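Peer 1: Chains W, Y, Z and G supply the protein sequences, listed in that same order. Under UniProt numbering, residues 1 to 386 are what the first sequence spells out, in order. Under UniProt numbering, residues 1 to 386 are what the second sequence spells out, in order. Under UniProt numbering, residues 1 to 386 are what the third sequence spells out, in order. Under UniProt numbering, residues 1 to 386 are what the fourth sequence spells out, in order.
Keep in mind that the hints were calculated from the coordinates and are not lab data. Predicted, not measured: the structure shown is a model, and the values here were computed from it. Any given hint could be a false lead.
Which copy is meant is left open, so a pair is good if it fits within one copy or across any two.
[Said to hold, decoys possible] Heads up, simulated SDA-like pairs for lysine to any residue below, C-alpha to C-alpha not over 20 Å straight-line:
{"id": "1", "residue 1": "K204", "residue 2": "A164"}
{"id": "2", "residue 1": "K31", "residue 2": "V270"}
{"id": "3", "residue 1": "K116", "residue 2": "D126"}
{"id": "4", "residue 1": "K31", "residue 2": "Q381"}
{"id": "5", "residue 1": "K12", "residue 2": "A154"}
{"id": "6", "residue 1": "K31", "residue 2": "R380"}
{"id": "7", "residue 1": "K116", "residue 2": "K371"}
{"id": "8", "residue 1": "K204", "residue 2": "A374"}
{"id": "9", "residue 1": "K371", "residue 2": "D258"}
{"id": "10", "residue 1": "K31", "residue 2": "I66"}
4 protein chains.
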Amino acid sequence: MTDLAAVKAALKSQAVETPSWAYGNSGTRFKVFAQEGVPRTAREKLADAAKVHEFTGVAPTVALHIPWDEVDDYAALAGFAEGHGVRLGAVNSNTFQDDAYRLGSICHPEAAVRRKALDHLLECVDIMDATGSRDLKLWFADGTNYPGQDDIRARQDRLAEGLAAVYERLGGNQRMLLEYKFFEPAFYTTDVPDWGTAYAHCLKLGPRAQVVVDTGHHAPGTNIEFIVATLLREDRLGGFDFNSRFYADDDLMVGAADPFQLFRIMYEVVRGGGFDSDVAFMLDQCHNIEAKIPAIIRSVMNVQEATAKALLVDRDALAAAQAAGDVLGANAVLMDAYNTDVRPLLREVREEMDLDPEPLTAYARSGWAEKIVAERVGGRQAGWGA
Amino acid sequence: MTDLAAVKAALKSQAVETPSWAYGNSGTRFKVFAQEGVPRTAREKLADAAKVHEFTGVAPTVALHIPWDEVDDYAALAGFAEGHGVRLGAVNSNTFQDDAYRLGSICHPEAAVRRKALDHLLECVDIMDATGSRDLKLWFADGTNYPGQDDIRARQDRLAEGLAAVYERLGGNQRMLLEYKFFEPAFYTTDVPDWGTAYAHCLKLGPRAQVVVDTGHHAPGTNIEFIVATLLREDRLGGFDFNSRFYADDDLMVGAADPFQLFRIMYEVVRGGGFDSDVAFMLDQCHNIEAKIPAIIRSVMNVQEATAKALLVDRDALAAAQAAGDVLGANAVLMDAYNTDVRPLLREVREEMDLDPEPLTAYARSGWAEKIVAERVGGRQAGWGA
Amino acid sequence: MTDLAAVKAALKSQAVETPSWAYGNSGTRFKVFAQEGVPRTAREKLADAAKVHEFTGVAPTVALHIPWDEVDDYAALAGFAEGHGVRLGAVNSNTFQDDAYRLGSICHPEAAVRRKALDHLLECVDIMDATGSRDLKLWFADGTNYPGQDDIRARQDRLAEGLAAVYERLGGNQRMLLEYKFFEPAFYTTDVPDWGTAYAHCLKLGPRAQVVVDTGHHAPGTNIEFIVATLLREDRLGGFDFNSRFYADDDLMVGAADPFQLFRIMYEVVRGGGFDSDVAFMLDQCHNIEAKIPAIIRSVMNVQEATAKALLVDRDALAAAQAAGDVLGANAVLMDAYNTDVRPLLREVREEMDLDPEPLTAYARSGWAEKIVAERVGGRQAGWGA
Amino acid sequence: MTDLAAVKAALKSQAVETPSWAYGNSGTRFKVFAQEGVPRTAREKLADAAKVHEFTGVAPTVALHIPWDEVDDYAALAGFAEGHGVRLGAVNSNTFQDDAYRLGSICHPEAAVRRKALDHLLECVDIMDATGSRDLKLWFADGTNYPGQDDIRARQDRLAEGLAAVYERLGGNQRMLLEYKFFEPAFYTTDVPDWGTAYAHCLKLGPRAQVVVDTGHHAPGTNIEFIVATLLREDRLGGFDFNSRFYADDDLMVGAADPFQLFRIMYEVVRGGGFDSDVAFMLDQCHNIEAKIPAIIRSVMNVQEATAKALLVDRDALAAAQAAGDVLGANAVLMDAYNTDVRPLLREVREEMDLDPEPLTAYARSGWAEKIVAERVGGRQAGWGA
């Protein structure tokens, strides 16, 4: 039997971090379609993120991306966020959009480029000091496009050296979250292609180096919940970058492509104690053709629904069926939770949190969309390069 | 026994079309790295393409992309090309870089957008009339990102209607080459995702509607040479867009990722009579981090090497081993050709064509690279959006 | 608004064919684990299948596999089935388990082997005449393991010739259902690898040659519902072989790996009119480690649940959102149906059909499992080779 | 410049272990095709393996599989091998072909089954003591087929416990080689699915626990040479199970599907010092439709050819191009070695080793194939279950 009060309490305490860049324009290599009302500044992104939190109640922090969210005064930015009811979250570095990084950043064959990249990473820690952020999230676009282009192993040596310098700089409660990615933008090798590579580096760095699982960054067919279970068992799961994919790193709304997979992932988080630990639940998505703020609200709701189902799994019944070797029975216990329509439960949870039970319609009614379209005219819209 | 004189004659007569856009800048959604000396106009692209032909002898035509290569006077552009020793090749349409195309072009739910797309396609045929191009190459970025976003079947109806209108407009010896693509930029459905869909549409249109095989546009593990053999058997292989891939549509130099696959494809072309037919051999690649002209020369050479090996297969011995059910023997006949180092043969072929046997070193010596870096200063470099 | 009475009527009229071989033992190349109570004869398989129909009400027919279900008197077998409340369904041929078929069957390089295979296929039509079966389901294990092993194109010629001979033999209302498969047991080429190849052959044969979609037989990432929509649009969808997969042709219970995908497939069936046509819904699965009859009951229920959700989609609302270009709204309409817990509805449907609302518990209570374990002792259990 | 004498010396010293089971029958889940002359006993397998070594000169050891090669007296078996010019190599365990292992072996939910599996593993170490084998190769078919079937994390705990007990038992110079596999025979989770999992377990066990890379056991698109480079850098690459694949674990002859990949792998071995270390080069293949001994000879030759090309890479030129950021130049250095026809060099090497330069034709001339067909009549042929 599941304890419904405990389930509700867990759902109320969940925190999903939204990324500042998802509020801006994004696209594919073929085209970026601009939308009306898109933010032009970091503050406008935070204002949008605050709306997501206002209507969902579970999106209290916002991830920054440097230099996309570069400002003169980060303490002031943090204050602005708090004034809007949210806080600044993880700081994300960017070592892929400068011409110097054509052949890599901290894995680049030239020491000068590596130094430039390292300086940027250290600057990100400075910003964390100013914002009070706990997590430095590192994703490296480093890799090669052609066999022979660079020395695979030497690049690992350079990577290890760069990471060590950054780890050394971290303050006492700051963490390094190392992300891996199967491919893209590099097409032959990626310098951190899989969880094993990220894990091996984290092991050498120390306990505050943790692996981030981006749900879109795996080979076809990869069992992501297995990785989640394994990293939790090793105490190395730092957090998630949520999104979903049909093919490659499609960066669709989390839960949109395979809601059953998201449920299985959340079940392993619940089962592995990740819900009561420091595992960070972050969105990392693109909204290329759909309205951005509603897409983010929907994504937060998708995480909630998967979490609710995971919490509803009758773990005693499951354990009993597993111990009995009852394949169909054990599977049925899991599926029973998955097949439950948890939307009524989440409406209750929201009402108990003094929220509108329907975040999307409440947002639509709020007039925010019309307001930003009217007000955010002129200037340069935020995008991946902005 | 293979007839070496015939092999050489075939190699001398091969024609690989290079794409105007490969001479310009390209990149991933994360970053476009600009290079020095990159063309700023259609004419500068043609001048670069002429260099590739000058040093390889087998790249006599250049594909255009409209509107990227839009000019006021296409007949004059054709004359310019001829003055540089090359000719204009296939015309490629673009129905993906206008804000109107956010939800598709000729498959878009709104008739007005479909009309706009159709007008562009018809304009491309006008351009073909002016340039004397035989082939209209159609690739549609159309598709959907989310389940339910649009009606899969209705989009096919719209596609059929649009293609019919274009086919109707074609002149007597003009062809429509319909390209398929597994995914990207659409992430849930692609309106022409596989050869079967392209083939079914071509069947209904008529004999001058033909399928184009882009070697990067398949699901993981797809046996491309099977598709090539099948389309040749059905008399529906219009041509190739050559490139190579490790993961998705990586658009690397053809032959760079899996040279054995390229050989197997070329073998099916040879075996299926495609070498003596109207099958168009076109490159369609990106050179994001490597020097563009040398990369294209190298790609043309890669096609030549794969072709040479395919031509060297001892087809009598192969047929005998196949008929005898000798699995290892038949495989060995094929591998014997593949394992042959054909570079000496190709050097001979080039010398007999009065070319330098080493196109890359000859190009490097030519001073063209330095000349364009010095001269092409200012103005806006060509790129995917330019 | 969906019409609930119509939804219920559709669910009551649904028919899911179960395969005789799923009641017998199966396994991987590594091991077949035998289970107690497994049938030893075709009649015992039919008796088990009758139980599935007894408890679900929607599994009225049973597919045969020849020679696995070979009997002296097929009319008598049909009578036995009817006596148990079920009917004989599609006849499945087997041209892969004779030593002669090492290099193929109707695509084999030797005419004698092709003749042997053809004779078997014609015999299957004889059996259809005796059983009254409408459908001949053809899956060919034909293909090659190594490049060069056989001539890809010549094999297509042989395939076309063999299929034509079989099609010619079919009676007026008999159909040929041609199945495609991406790979396995052949590892380099498969002679009918994709829907395009099956479709091209069916087109040439005639209207009663139709394509079968086995949900496990695709490349990673393939959008199966697109294929379903396309084949329905072309009037060439003969039916389904349902199962599910995480990796290759895993042959797990349908709906077990990706229930959302199954829903999307069923939605395209509903949308394309396949529910009111001759599209055959067949299971084709292996139950290697789980109890067989309950697994099949569960699979039938999974098809029902996906169908119910597909029928519940508010198609007017969906069409309106699609026409408006409302990406999130259209997706939400689809997801609203998917997220609905349809188990209460299906319990109602069963009660209205005078069935126990819970088929699995009713089966468990029935004592059939214990009875067959007790009675089916000695003899040779049925399996893939039996 | 490469030192040709050193290349030849390296090629002469290479040792490729062949697996006893590859000499016996194998097949897919659909059919095992029996071949004439196939061994019936462990000694007959060794006799065949001795022929492979006789004609190639570089296959001096033979891997055993227990219980497939179970004999009463292993010391006598070792003596028999030596009498035929070969030695016994790695001992491979089998915890997947007993009915007890339906739900796993050392990860099974029941302690009794885990104990049974562990006892078998310990017995394998006993056999190693008798045969003088250095390596215990562990591949576990353990996993689950359905979500929920068992507890992913608890299975890791059981795995760790079992491995520790085996590691503890190893003698001073004995090693544990832990193999990972993406999927099959388990279809939902595999208990050691990737190199990261194997690596994490090995780290905890100790330095003599090493990872085995089976070239067929990866997700589509996985960059295997990256894994090889990483494991060598971590000093955890125990060896290879060579084979090749187009789709899943197809187990074709190594080098047959992607010879360029095999070359890249061997290059990383050479570059990482693996050629001068304890990295074991083992074949692990199936020869389902092709003649077995010639297929194994061919495979050994394929490894040799890839190795020769890897040794021929001009590493100074490569390093210079890499340091200069010359993408095309660095790629060209690698491709220059790959495109070299190394068969003449290997013929020379064989002649210097007093071998026939053409192992396959020499074997064909030897009469061994005819002899074993004539003599090995009656009895039960060896196969995966035999």
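Peer 1: The structure should be examined with respect to each hint, and the outcome stated for every one.
Peer 2: Right, here's what the structure says about each hint:
no.: 1; hint: K204 - A164; in the structure: within (9 Å within a copy, 23 Å between copies)
no.: 2; hint: K31 - V270; in the structure: neither (39 Å within a copy, 34 Å between copies)
no.: 3; hint: K116 - D126; in the structure: within (15 Å within a copy, 51 Å between copies)
no.: 4; hint: K31 - Q381; in the structure: both (15 Å within a copy, 18 Å between copies)
no.: 5; hint: K12 - A154; in the structure: neither (47 Å within a copy, 29 Å between copies)
no.: 6; hint: K31 - R380; in the structure: both (17 Å within a copy, 18 Å between copies)
no.: 7; hint: K116 - K371; in the structure: neither (41 Å within a copy, 31 Å between copies)
no.: 8; hint: K204 - A374; in the structure: neither (52 Å within a copy, 48 Å between copies)
no.: 9; hint: K371 - D258; in the structure: neither (34 Å within a copy, 40 Å between copies)
no.: 10; hint: K31 - I66; in the structure: between (23 Å within a copy, 15 Å between copies)
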